[in-house]
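Chemist: Each chain, letter by letter, is given below.
There are 2 protein chains.
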Amino acid sequence: MNENRELAARMCVLGVAGRDAARALREASGDTKNKALLAAASAIRDSAASILAANAQDMAQAKAERLSPALLDRLMLDEKRVAAMAAGVEAVAALPDPVGRVLARWTRPNGLDISRVATPIGVIGIIYESRPNVTADAAAICLKSGNAVILRGGSESAGSSAAILAALQAGLKAAGLPVEAVQLVPTTDRAAVGMMLAGLEGSVDLIIPRGGKSLVARVQAEARVPVLAHLEGICHTYVHAAADPAKARAVVVNAKMRRTGICGATETLLLDANCPRELAVRVLEDLAAKGCEIRGDGTIRAIFPAAKQATEEDWRTEYLDAVISVKVVDDIEKAIRHIETYGSHHTEAIITEDAGAAERFLAALDSAILLWNASTQFADGGEFGMGAEIGIGTGKLHARGPVGVEQLTTFKYVVRGNGQIRG
Amino acid sequence: MNENRELAARMCVLGVAGRDAARALREASGDTKNKALLAAASAIRDSAASILAANAQDMAQAKAERLSPALLDRLMLDEKRVAAMAAGVEAVAALPDPVGRVLARWTRPNGLDISRVATPIGVIGIIYESRPNVTADAAAICLKSGNAVILRGGSESAGSSAAILAALQAGLKAAGLPVEAVQLVPTTDRAAVGMMLAGLEGSVDLIIPRGGKSLVARVQAEARVPVLAHLEGICHTYVHAAADPAKARAVVVNAKMRRTGICGATETLLLDANCPRELAVRVLEDLAAKGCEIRGDGTIRAIFPAAKQATEEDWRTEYLDAVISVKVVDDIEKAIRHIETYGSHHTEAIITEDAGAAERFLAALDSAILLWNASTQFADGGEFGMGAEIGIGTGKLHARGPVGVEQLTTFKYVVRGNGQIRG
Numbered sequence: 001m002n003e004n005r006e007l008a009a010r011m012c013v014l015g016v017a018g019r020d021a022a023r024a025l026r027e028a029s030g031d032t033k034n035k036a037l038l039a040a041a042s043a044i045r046d047s048a049a050s051i052l053a054a055n056a057q058d059m060a061q062a063k064a065e066r067l068s069p070a071l072l073d074r075l076m077l078d079e080k081r082v083a084a085m086a087a088g089v090e091a092v093a094a095l096p097d098p099v100g101r102v103l104a105r106w107t108r109p110n111g112l113d114i115s116r117v118a119t120p121i122g123v124i125g126i127i128y129e130s131r132p133n134v135t136a137d138a139a140a141i142c143l144k145s146g147n148a149v150i151l152r153g154g155s156e157s158a159g160s161s162a163a164i165l166a167a168l169q170a171g172l173k174a175a176g177l178p179v180e181a182v183q184l185v186p187t188t189d190r191a192a193v194g195m196m197l198a199g200l201e202g203s204v205d206l207i208i209p210r211g212g213k214s215l216v217a218r219v220q221a222e223a224r225v226p227v228l229a230h231l232e233g234i235c236h237t238y239v240h241a242a243a244d245p246a247k248a249r250a251v252v253v254n255a256k257m258r259r260t261g262i263c264g265a266t267e268t269l270l271l272d273a274n275c276p277r278e279l280a281v282r283v284l285e286d287l288a289a290k291g292c293e294i295r296g297d298g299t300i301r302a303i304f305p306a307a308k309q310a311t312e313e314d315w316r317t318e319y320l321d322a323v324i325s326v327k328v329v330d331d332i333e334k335a336i337r338h339i340e341t342y343g344s345h346h347t348e349a350i351i352t353e354d355a356g357a358a359e360r361f362l363a364a365l366d367s368a369i370l371l372w373n374a375s376t377q378f379a380d381g382g383e384f385g386m387g388a389e390i391g392i393g394t395g396k397l398h399a400r401g402p403v404g405v406e407q408l409t410t411f412k413y414v415v416r417g418n419g420q421i422r423g
Numbered sequence: 001m002n003e004n005r006e007l008a009a010r011m012c013v014l015g016v017a018g019r020d021a022a023r024a025l026r027e028a029s030g031d032t033k034n035k036a037l038l039a040a041a042s043a044i045r046d047s048a049a050s051i052l053a054a055n056a057q058d059m060a061q062a063k064a065e066r067l068s069p070a071l072l073d074r075l076m077l078d079e080k081r082v083a084a085m086a087a088g089v090e091a092v093a094a095l096p097d098p099v100g101r102v103l104a105r106w107t108r109p110n111g112l113d114i115s116r117v118a119t120p121i122g123v124i125g126i127i128y129e130s131r132p133n134v135t136a137d138a139a140a141i142c143l144k145s146g147n148a149v150i151l152r153g154g155s156e157s158a159g160s161s162a163a164i165l166a167a168l169q170a171g172l173k174a175a176g177l178p179v180e181a182v183q184l185v186p187t188t189d190r191a192a193v194g195m196m197l198a199g200l201e202g203s204v205d206l207i208i209p210r211g212g213k214s215l216v217a218r219v220q221a222e223a224r225v226p227v228l229a230h231l232e233g234i235c236h237t238y239v240h241a242a243a244d245p246a247k248a249r250a251v252v253v254n255a256k257m258r259r260t261g262i263c264g265a266t267e268t269l270l271l272d273a274n275c276p277r278e279l280a281v282r283v284l285e286d287l288a289a290k291g292c293e294i295r296g297d298g299t300i301r302a303i304f305p306a307a308k309q310a311t312e313e314d315w316r317t318e319y320l321d322a323v324i325s326v327k328v329v330d331d332i333e334k335a336i337r338h339i340e341t342y343g344s345h346h347t348e349a350i351i352t353e354d355a356g357a358a359e360r361f362l363a364a365l366d367s368a369i370l371l372w373n374a375s376t377q378f379a380d381g382g383e384f385g386m387g388a389e390i391g392i393g394t395g396k397l398h399a400r401g402p403v404g405v406e407q408l409t410t411f412k413y414v415v416r417g418n419g420q421i422r423g
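Protein sequences, first through last, are from chains F and Z.
Numbering-wise, the numbering used here puts 14 at position 14 of the first sequence, and it's gapless, one number per residue.
Numbering-wise, the numbering used here puts 216 at position 216 of the second sequence, and it's gapless, one number per residue.
Hints listed in this document are in silico derivations from the structure and should not be mistaken for laboratory results.
Watch out, some of these pointers could steer you wrong.
Note that identical chains are pooled: a pair holds if it fits in a single copy or bridges any two copies.
As a list, the in silico EDC-like pairs of lysine to aspartate or glutamate whose alpha-carbon atoms are at most 20 Å apart [said to hold, decoys possible]:
1. 247 with 321
2. 173 with 129
3. 247 with 27
4. 290 with 353
5. 290 with 232
6. 80 with 20
7. 247 with 6
8. 334 with 73
9. 213 with 232
10. 213 with 6
11. 247 with 113
12. 35 with 79
13. 334 with 27
14. 334 with 297
15. 308 with 201
16. 63 with 313
17. 213 with 331
18. 63 with 113
19. 35 with 333
20. 213 with 285
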């Protein structure tokens, strides 16, 4: 009880400091924020030795605790990764300032001049797992968009994150901004996460979870403040009857196999029953040749015997691995219905030369990203030309698709008058 | 237990029907939606007798239960109010279609053509109190924006709402749209609200509470789906030292007294210590002459002895009545700090002829609406030229300020390619 009270007090201080820092950031110029970012990038480079030393300790601990090789790889930093982190912060500095943009402006018949102006959201809480580079990426995106951030990383990367934080705060100091603009929860106590989700007495405006399904589920179940979640990407590629065979083969292999671990990777391939059988077989052969396991329905297994039998569970699974589920659908309406039933409203593609069919697909579905004749792996802020992103939003409110610096702003209405009163 | 299970089953059916209706609405043309709205308006007019009969029963019950005169007035319908309701639905039909707007469009170096297109949110749950006209207003705004709506009105207006619902559903039927596009929770059991807040098994995309503080607080505490809340409007008008006296007097009286019960009414007047004493006294006299009770700090009471002593609680109070709290502040920074401390991020105004001071006020504060030389009573969708609104959002996410049909849409990215794969 006493421990919890002490933790609550420490977290409350974090919240209040974040709110004060947010006020300073809201009024900071683009130049000041960029100065902080560039100084932070330099500090990351200059502190490479101490960051790597802290990471070596985290790694030793993680190995002693027998973490999986995949987790160890996510946790691991080397000189190249530290350099990439610094370059990432510089890339964020190079983006246009998202704050102060006039999003719309109009004049009313009574002479009131109304503008909708982009403003920071305030204090953002980010809860993430093992990758220590998220500490720098997330802080840079929040700082650029004028938001204070409270970071809660995985306990296994605590030492690495603290070393990175020191560099980020050096950057803030160099620009005359409060170091509390970027704070790290100073404990691995899980109760601290609950306090963040409760909003730290009204100090947190938005929570962004970055991590696996169970983390996001906990955040969505417990949060008392708005959540910007990027959930699973159960992405579909639908090869329509009028698909160009060469495009279909190239796009499907890329959509599944370019990188299997990203949320925009295709997990289910829908083949139209009116596709040429040869195209279907070729696509499956291409995937198999790249090392992809194929789980198909009965029709698929008949034309491609190496396929395993897909179960109902497969249509709902985000493999994030070299596995694909494949289903034959009677027509475009069946494809749409399958995606509506099993998809996660992330990203879906249609491959066809029939513009009418494509427009039907693009109009009927309401996923965050819908593509025609392109790979689902384009679901990415960089590929959209939006610069760094903090994830791909799959919710319906505020922001969907890539969440970059513009998506971390809100707006206010500024109304200029000349003494108008309402009649 | 069994009762709850039965209720849960009924509510789940409502959710599934809403989701199916949302799919149909998503693809409905603007013409079809307008046809439904105009037919609904006609049906409201044609059903005036049955709506008024149902309302008379609600009123009799409410009187028997000794509801307050204010509540009885909100509940009461007469021919004029029914006609206004029908006209309101027609006004929504006359708005431009908010769905399908291309919000942005750009082409990437690899030829991908990316559009951000406005789409409906899906299924919206609206929880409101006694005014039966909300049934028609809210349904019309949701329908126009392509959303299905599940309405949960106050138990005291259940009969009136059901009669209005019948007219709305007649309109939907006339346009060939599913009647489940507008549903009313068919029970006054409070447990039904809890089920809506839990999202009806994933069927509800957004909850909008319309009502008093305790309703909104319950919704925010319990909701497991996003909430678009319009909270209190503790609105401020700050009379700067360089205010034009005539504008200051006209705007302050209008901001407080035009209508005291709306969320954009000014609740606290901040007078700059460098304002001419005569202006301060005149403003207070104007307010008192209109019947406004003045609660001032020590300085105010010294220059205007009729004022009562303001307490700390007054600075945090939304009176919604002919009462104003008045404070003298040393300078604009003190005014800004007072608003940040006590305000609700709704609407604030500065009265000044000093453009630099005005811009400082407009930049430093982050309320949803900031006005220069105009009345806070302009905080209204109609006054902004946005047409009908469902409220004034005071949250930071998705929509702030007036929430009209555009604010009840979200967007998706539509990407048109020519076989692009990601490198």
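Chemist: For the identical chains here, do residue 334 and residue 73 meet the 20 Å Cα criterion within one copy, between copies, both, or neither?
Modeler: neither (40 Å within a copy, 52 Å between copies)
Chemist: Please sort residue 173 with residue 129 into within, between, both or neither, judging by C-alpha distance up to 20 Å.
Modeler: neither (27 Å within a copy, 51 Å between copies)
Chemist: If the cut is 20 Å between Cα atoms, do residue 35 and residue 333 qualify within a copy, between copies, both or neither?
Modeler: neither (53 Å within a copy, 26 Å between copies)
Chemist: If the cut is 20 Å between Cα atoms, do residue 290 and residue 232 qualify within a copy, between copies, both or neither?
Modeler: neither (24 Å within a copy, 59 Å between copies)
Chemist: Is the C-alpha distance from residue 290 to residue 353 at most 20 Å within one copy, between copies, in both cases, or in neither?
Modeler: neither (26 Å within a copy, 71 Å between copies)
Chemist: From the Cα coordinates, with 20 Å as the cut-off, is the pair residue 334 and residue 27 best called within, between, both, or neither?
Modeler: between (52 Å within a copy, 16 Å between copies)
Chemist: Is it within, between, both or neither when you check residue 247 against residue 113 at 20 Å Cα-Cα?
Modeler: between (51 Å within a copy, 17 Å between copies)
Chemist: Within a copy, between copies, both or neither: which one fits residue 213 and residue 6 at a CA-CA cutoff of 20 Å?
Modeler: Close neither inside one copy (30 Å) nor across copies (31 Å); limit 20 Å.
Chemist: If the cut is 20 Å between Cα atoms, do residue 247 and residue 6 qualify within a copy, between copies, both or neither?
Modeler: Neither: 60 Å inside a copy, 52 Å across copies.
Chemist: Within, between, both or neither: how does the pair residue 35, residue 79 come out at a Cα-Cα threshold of 20 Å?
Modeler: neither (24 Å within a copy, 65 Å between copies)
Chemist: Using 20 Å as the alpha carbon limit, work out where residue 63 and residue 313 are close: within a copy, between copies, both or neither.
Modeler: So residue 63 and residue 313 fail the 20 Å test inside a copy (33 Å) and across (57 Å) alike.
Chemist: With identical chains, the pair residue 63 and residue 113 could be close in the same copy or across copies; at 20 Å between alpha carbons, which is it: within, between, both, or neither?
Modeler: So residue 63 and residue 113 fail the 20 Å test inside a copy (62 Å) and across (46 Å) alike.
Checked against the numbered hints given earlier, this structure breaks hints 1, 2, 3, 4, 5, 6, 7, 8, 10, 12, 15, 16, 17, 18, 19 and 20; the rest are met.
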